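*Asks:* Using the hints, position chains P and A against chain S.
Residue numbers (the numbering used here), protein chains in the order written: chain S, 51 to 615; chain P, 9 to 348; chain A, -14 to 143.
One should not assume that every hint holds.
What the hints assert, rightly or not - Under the rule of at most 27 Å between Cα atoms (straight-line distance), these lysine-lysine pairs were calculated in the DSS-like manner:
| hint | chain 1 | residue 1 | chain 2 | residue 2 |
| --- | --- | --- | --- | --- |
| 1 | S | K65 | P | K229 |
| 2 | S | K65 | S | K132 |
| 3 | S | K452 | P | K13 |
| 4 | P | K13 | S | K81 |
| 5 | S | K81 | A | K140 |
| 6 | P | K229 | A | K140 |
| 7 | P | K343 | S | K452 |
| 8 | P | K44 | S | K81 |
As the list claims (entries may be wrong) - A short list of chain P residues far from chain S (calculated; beta carbon distances all over 10 Å):
| hint | residue |
| --- | --- |
| 9 | H38 |
| 10 | K44 |
| 11 | L49 |
| 12 | E119 |
| 13 | Q157 |
Hint data in this document are derived by calculation from the structure and do not stem from the laboratory.
The model shown is predicted, which means the values in this text are computed figures rather than measured ones.
Built from N, CA and C at the ideal position, the CB exists for glycine as well.
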Amino acid sequence: MNDMTSEGPMVEFRKDLFADERDDNLNEVGKPTRRQDILGHVTGRSPFFDDHLFNGLLHMRCARSPHHHARIRRIDTSAAEKMPGVVRVLTGRDVPVNLNTLLSLLDFGLDDEPLLSETKVAYIGEPVAAVIAETEAQARAAASAVHVEWEVLPHVLDVEEAIKPGAPAVLDIYPNNKFVYHGKYDHQKLRYGDVDAAFRGVDHVVEGRYQMSPIEQAPIETCGAIAAPEQNDRYVCYTSTQALFFSLGTAAKMLKIPSSRLHFIGGTVGGGFGGKVDSIHEPLAILGTMLTGRPVKYAWDRAEEMQVGAPRGAERWYITDGVMANGRIVARKFIGYFDAGAYTRLSSYAIIKGVGHLPGPYTIPNVYADVFCVYTNRTPATAMRGFGITGVDFAIEAHMDKIAETVGMNPIELRILNAYRDGDMKAHRREAKNCALIECAQVVAEKAGVTLSPEFKAATSMTGGGGARAALPAFTATDEDGRVEGFAATSYAKKSGASSAPVPGAAPASRPARVQASAQSPARPAAQPASPPSAAPVHTADPADKKPARSGAMRFSSLSGFRRR
Amino acid sequence: MTVHKGRGFAAINYPIGMNLGGDPSQALVHSNPDGKFTVALSAIDLGQGMKSVTRQIAAETLGVPVEDVYVDTADSDTGPHDMGSFASRGTHRMGNAVIRASEEARQVMLEAAAEELEVDAGDLVTDGKGNIHVRGAASRSITTMAAAQAAQFRQGRTIAGRGIFLIPLSEVDPETGEMSPVTTFAHAAMLVTVEVDDETGEVAVTDMQSAYEVGRALNPKLVEQQLRGGAWMGMSHAAWETTEPYYPTRDHRPEDFNTYIMPGPGDLAPHHISILERPAADGPYGGKGPGEMCANPVLPAVVNAVYDAVGVRIDDLPVTPEKVLRGIQAIGGAKPRQAL
Amino acid sequence: MAKTPVTFTLNGSAKAAFANPGQNLLDFLRREVGDLAPKYGCGQGTCGACTVTIDGETMLSCLVLAQAVEGQDVRTASGLATGATLDPLQVAFMDHFAAQCGYCTPGMLVSARALLDRNPRPGREDVIEAISGNLCRCTGYEPIIAAILAVANGKARA
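Just chain S, same shape as in the assembly:
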């Protein structure tokens, strides 16, 4: 099916590929049905959060840090309070629970970020007071009149500088500006096979360093919320959030209000791209409403959206590949640094997602990664389209071209040669299924007039995988580098290794036998059984830990090693 407009570019559906895996005989699915919401869009009737009118609406604007890093000696709101139209000025004292981390709702990580900072600021733009006034202009003027006495502190902006001993402590709950994983390490490890041994036997070692700068999600609608008193002693909140219950839960926690008293309305958002999950506007708008008794709007202007709103965090990747002369990559090593900025937000989770993605869609028998979540004195990062993946995929695919040049191979053929196929074992020790990288590469080669040799034209994702490629490595080198002390490892931190429950809809994976770790980790259980582990994980109980042995689903808290009370 071709759609060729006379001036426009083409879309085609390659129904011929994987046809035997599809039943295309459907009724509504597969049709180019007009969008349910597009009539509202073209008439201007689609109700974005700000498209609701309120009598007596107040406007909130924040006073913000001009410094990368500073202690707050004193916040003086007296001048601001006297300015025309000002109804109330909020500071951290007014916030019932003024410390949170976004993923606390999933029990992952320590609370680290205030809604309105009281003791310290760690990035330019960090809010320290919220002015509520009759008009936006009055709120803006009064925010400039909030006077703060700062004690400027040294700051650090480079991830590799930030992790050196003696660097300014951006977040002093974590040592050396690195998030702590499993209560045990200052990074997340990926260990599969033995890259150092493999490097000794390769024809080429190819190194690269890649950097991606921060990027704004830049939706045309900025982040914001309007909160108002509703009947029956509840609050309604119209919001641009991408995650309604995430925001509701965050507001309930920070304002110490039962979730049943919050009524969140949204769902029609002017672009998000990941920048509307941080749930900052809802708690502040609702707090304003609670304390003034009137509707309050808190929305970022474009300058704030750009520099105060969390961007996609910068990433720095070092990749070292061991390559044979025929183009087969046999070893790949990553050192990755995610720049989380001043607070954790979602960055801790991005590292796990990134590690689960390595080494890319290729079957490589030896893979090593150390990936760090690093704090610096810049705007905190958050999710953005491709979160945890975009930066490392840029690095991997730029690196693949370097390899192609090194071995003198067509870059598309290099991808096909190394591509993963159905049945291959992946570096995170799960079977590859439902692959299609090869077919995508072949379709593009054909369209772009790149001739592939017969071997690569004949390759498919369904052939050539599995067999020896399905086996786990005979030996995996592990280490205790980056060990962190002083963080209570919970009873969940030591596990037998495999998932506790089978994934619904997927064939039950045969649990691969775990490789015996090196002698440096005596606390680890001894030789692993090849059969699926029992539901209750083996753990050595901390004498102080009186909780019963865990059963049932895994919890996020074990990733960070921090239990919530």
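*Replies:* Positioned in the frame of chain S, the structure of chains P and A alone reads:
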């Protein structure tokens, strides 16, 4: 001053859904007495088409025309919990929840029709046009409207359904990183053509040839919307936008769209898209979510194309005229390879 | 705080409302008059989401003082339809999937309508020029250009 042409390639996959799982989505489906269905969600439509794709999925599963289905979202009072619209999870998780809720509602609808027609519910099929009839005997038929009215006012049945889709949270091994990230992946390959001006350093993307594998294109136009818009954003990532042009210093931070630059309608590259479909075993009708992976292959394809055009490797995004010119200087002049 | 009365025509109807000192036309139309179609995207005149026409000319309402439209003819996206009949551009945008989040759409349609009013047979470059001040983050612009050209070339449904 010479403009050099170059081509660059990249291939990627993308995990569908929140990493490690543990991200539930719920849906509620119910019929009014006329056989018109409401799907109540708290999912968010950011423009990606959440309301539209769940509407089609519900209609397909219920066996009714899409005109008889309305998706209502998002209100925390009426919509059950959903984790949110991110991580390309919407179609996969919410789509599955909607299928489960719709299946339950459909079953009650068929039982109501079966009672009216005095047959077994297992013998009934829907025609997708608003009718329920005995398999192989289209004349023994009742409209969905009549079945709903009978259910409500005579039989006392609720034509309604509930659905939840949850992949249990995976563990992560601290020593090896072993984990179950997601259950399915989408794929893409991209070849871009650029023109690099060796006097100004400016890079223009002049053509994009792509292949995207999306499981199943639940709505081909919605998929095309994502792929086109996403590839445009990828182009912007590669060679236009950043909040910190001199990262890691914070100098010259843009605060408006004059200094935060993105390609405009005059900068577009024709983008020729091929869509492949290898259904995900646990995707709704096999669908995967194309919303994030569409941008990713463009970034490396552009830098690879710049190298092909002038022999300069830019390992530091975004590509800027300044970086291109410094690179050309460093190698003593443009060295086109034009190898692809 | 002294408010200023502003009397003007909005989408063909006589309107009067009070503007706060320094209030811009965008905020005035949305809050004081109740026309929510023009949107706030930047307040800096760089995104076009607030585009309206004033006496036939496209203007960025976030940069216009509300009281400056005294006596003038203001048109927003709300005025594109005639009663219940949509403007062909609105139909074409729907048919061509020229909107995703819909936030830039009202401003985009105003710019497109102004183009076709002054140049009924634009080429692709004319369309690009006309919408260059309307940023879209979702669509990548191609379907918008296609929709406008379809109306211009008489290929769109009425």
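*Asks:* A separate judgement is required for each hint: does it hold in the structure or not?
*Replies:* Hints, verified against the model:
Distance hint between K65(S) and K229(P) is fulfilled; the C-alpha atoms sit about 15 Å from each other, no more than 27 Å. Taking the CA atoms of K65(S) and K132(S), the gap is about 69 Å. The hint is violated against a cut of 27 Å. This hinted pair checks out: K452(S) and K13(P) have alpha carbons roughly 19 Å apart, not beyond 27 Å. Proposed proximity of K13(P) and K81(S) is contradicted: the alpha carbons are some 39 Å apart, above 27 Å.
Proposed proximity of K81(S) and K140(A) is supported: the alpha carbons are some 22 Å apart, at most 27 Å. Between K229(P) and K140(A), the direct Cα distance comes to roughly 19 Å. Compliance with the 27 Å bound is thereby established for this hinted pair. Restraint check for K343(P) and K452(S): satisfied, since their Cα atoms lie roughly 16 Å apart, inside the 27 Å limit. Proposed proximity of K44(P) and K81(S) is supported: the alpha carbons are some 20 Å apart, at most 27 Å.
Every CB of chain S is more than 10 Å from the CB of H38(P) (nearest about 17 Å), matching its label as outside the interface. Non-interface status of K44(P) relative to chain S is upheld: no Cβ of that chain comes within 10 Å, the nearest being about 14 Å off. For L49(P), the condition that its CB be more than 10 Å from all CB atoms of chain S is violated, with the nearest at approximately 8 Å. Separation of E119(P) from chain S is adequate, the least Cβ-Cβ distance of about 21 Å exceeding the 10 Å criterion.
Residue-level check passed: Q157(P) sits 23 Å from the nearest beta carbon of chain S, beyond 10 Å.
In the structure shown, a violation is registered for the earlier hints numbered 2, 4 and 11, in ascending order.
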